[in-house]
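Chemist: The lines below spell out each chain.
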Amino acid sequence: MQKKNVLLWVSAGLVYLFLYLPLVIVVVFSFNDSRLNAEWVGFTWKWYGKLFHNREMLGAAMNSLIIATVSTGTATILGTLAGMAMNQYRLRLLPLLVLSPIAMPDILMGVSLLLFFIMVNMTLGLLSIMLAHITFCIGFVALAVQARMSSMDPALVEAARDLGASPWRCFREITLPLLLPGILAGALMAFTLSIDDFVITFFTAGVGSSTLPLQIYSMVKIAVTPEVNAVSTLLMLLTLVVITGASRLYPAIFRGE
Amino acid sequence: MQGKAWYKYLLSLPPMAYLLIFFAAPTFLMFFATFRYAGEYGGLAPWYLHEGGRLTLDLTLENWQRLLETDIYLRLFLKSIGYAVTTTLLCMIMGYPLALMIARSGHKNRDLLLLLVILPFWSNFLVRIYAWMIIFSPAGALTRMLNGALELVGAGPVTLMYSPTAMLVCLVYVHLPFMVLPLYANLEKHDLDLLDAAQDLGAGKWRRFWLITWPLSLSGITAGSILVFIPVLGMFAIPDLLGGTNGIMIGNVIKQQFMESRDWPFGSVLSMVLTVTAVAVVLLGSRLGRRREGR
Amino acid sequence: MKSLLGLLLLLLATPVFAGEELHIFNWNDYMSEEVVAGFEKNCNCKVVQDYYSGTEEMMAKLLAGASGYDLVVPTQNAVQALIQQGFLEKLDKGALPNIKNLDPGFLNRSYDPGNVYSLPYAYTTTLIGFNEHRLQEQGIKPISWAVIFDPQILEKIKGKVTVMDDADELFGAALKYLGYSVNDVDEKHLREAQQVIMKAKPYWAAFNSSSYIKELTVGSVWVAHGYSSDMVQARNDALEAKRDFTVNFILPKEGAVLALDNVVIPKEAKNKKLALQFIDFLMDGKNAAGLSNDVGAGNPNAAALPFINPELKQLTAIFPDQKVLATLETLEATSAKVRRLKNKLWTEIKLK
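Protein chains in written order, with our numbering: chain A, 437 to 693; chain B, 87 to 381; chain C, -9 to 342.
A couple of the hints might just be wrong.
Quick list of simulated restraints, FRET-style, between CB atoms [said to hold, decoys possible]:
1) A/Leu616 <-> B/Leu96: 54 to 64 Å
2) C/Lys263 <-> B/Ala131: 30 to 40 Å
3) B/Leu143 <-> A/Val460: 52 to 62 Å
4) B/Trp292 <-> A/Leu494: 54 to 64 Å
Facing chain C, according to a computed beta carbon distance under 8 Å, are these residues of chain B, among others [stated by the list, open to error]:
5) Asp157
6) Ile158
7) Arg161
8) Phe163
9) Thr331
10) Ser347
11) Arg348
12) Thr363
13) Ala366
For the record, the hints were derived by calculation from the structure and aren't laboratory data. We treat Cβ as the ideally placed atom computed from N, Cα and C, and that holds for glycine.
Turn these sequences into a full structure, and let the hints steer you where they fit.
Modeler: Take a look at the structure:
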């Protein structure tokens, strides 16, 4: 082991400071008793109270959760299939299709899906957002599953087959349990990506389908009250809970990822 | 089971069909749209006309001509690429020590330190931008402190909000984890015996770094750079919120065509150029990565 | 994951609203919350609002197929384009008894002769809001567009000025400053306007169509180009926050853009009956006055005038008299070709 390098630790510490200082400020200013929220005035809980009476915000949060749940579910199934296929066969088209959406800037997927939905005469709304989210989530699940599968011993399945197990039983009792950490890691990633997505949702959202990030964007743009801070603080708290919960339940997700 | 064709198709067909419909088809439609006329009130004009009972195509190269007739779009691209390159370099400068520190710390702390890098990345990206808007606001503590210090040395006050600096800080902040994670994954795999051997042979700290760690980490840097460069290139929210009068990137102009000017064909042209740029960067990056691994 | 599912179940379990919903697409900060609450109580329905901050943005969203709005509040030029596009439903005047309250001066305009599709809702002017104290300190008296366009004046307030992030509005102001009409589509005149904007740009802090209310109130911006209703709000906010300065506003002497905002019902609206009810409710004198009092917009409703805050009523920038009205112009719908030209000039401005 090398000696601890002071310079290295100090510079890394500064980067951590850079990462966390802004978030601390958001949290602190959510308790600021000033509508303008430019300088510190005094402590208050009122923005949180206001938030829980803000119907638009609650509606948007609800939309976000519905979209994230449905798209994570669908993308997890499709992504798992894709990951397994990519691991077992030498395919050309599928890896290209799976990886390209990850490699493209979000805005491109947003505008091309907007064009597509309009051309096929589809009304923009929750459904169009879900279809878009599934598209960009599949790749992340597929990658996680593929990585997990490549570390799996194929002899296990072959042995079970030789012992007379049906393919379905093999899948259910051997492949699936072994793949589960990979699938869950992928699903978790898909969920956070979906609930966090702004750019693609911005282009594919329609009437009454505003999501939390869209709502935050319009609030940030108009910059009215510390309610933005309050909702941000709650969101951070929620992700913190989800992440710690997931890492407790399935520590394997966070190892080797 | 491996050999059975139906099993192969059972696995690969559903995701392939989905992505063909919702990724490949839209991309192709966008390419097609670059040759169409804009509708008078937005959207796209029909691509065929009925003339005397016969179907004639109504397509044009006008949108591509518009791209080439002035140099402003070229300058726009160069400017965006400039922002993307600067952001990537800054992320590298800041991310490298961090990744190195995590990779060299004990196994017990490593997971926690890594989690601490990812955690901010899991809070909404607009929230993180907003945090910097508070910090940069003229009444904010940072600006006041800075201007107080500047006054002491006799320099005039500066505004941080709505400046290229503010944009760059935000771009780096949002994309830093994309650099740190692949770098860490690379650095963690290094064989520390190499460094020990070099030390035994009398190599100093910096020499060891430049001769061993740095060259070995180049593939990690390439991966991280691609992951930072591409999303920055297509960014529009940060210039929108913090850019001021000069902060405009290709993403903003694309958004303008679709959301404000109602000129979808030209928006598609710009999008296609961005697509080609992104593909080129990815190919170049994977080429570089492969060559290094071959060595 | 589990906690999240729990949260989801909790949210799903909360009683879902059973009554009807009215989806409105409106300018931001352009509706009296009290009036909305009053209507909801009256009809046992829920009003769901989405907001926009620019005409082009709204048009793009609507024409991109955002169908499902029951009521939209577009400005006159957008009404004209939406009618030509066949996007709007004819209004059933029989269901609108309060129509008698509207000031005939605002009816039967060229963008919708006979008001077949639209009824005036409110009006604003695009003018200059400013920090009275700071400008006084600098010895600047804002009476003309020069305060945002003349480099000699801007020199003293560099970095303290924002202009609208809206090509039509900014070109309109620059064209007025040059003595042309805001609807001038002559490429030569537009290029002149572009030059005016380019020369002034280095002195501006940002293009900003949405947060200038806050910036003026906080005091970080001293001069802002924006909507009159927003300036009224900034002035009230600054008073309320007890700042050591006051925010004021002025209609430049060269004239300015007048925006006449209307209520319309899209053809594809799901709840046309409810939308008509709401329109009629809005045209009630007292409710219409609520809009002016809360939002600071001018009012085309004659029956509303007695209920409007007298202090607001005497401001010519909000309620222009005949003389001022003669200097104001409304924007007209533009063709795809003009939009393309303007966008090119606009991109050049932003890039330099």
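Chemist: Can you list which hints this structure breaks, lowest number first?
Modeler: 1, 5, 8, 12 and 13
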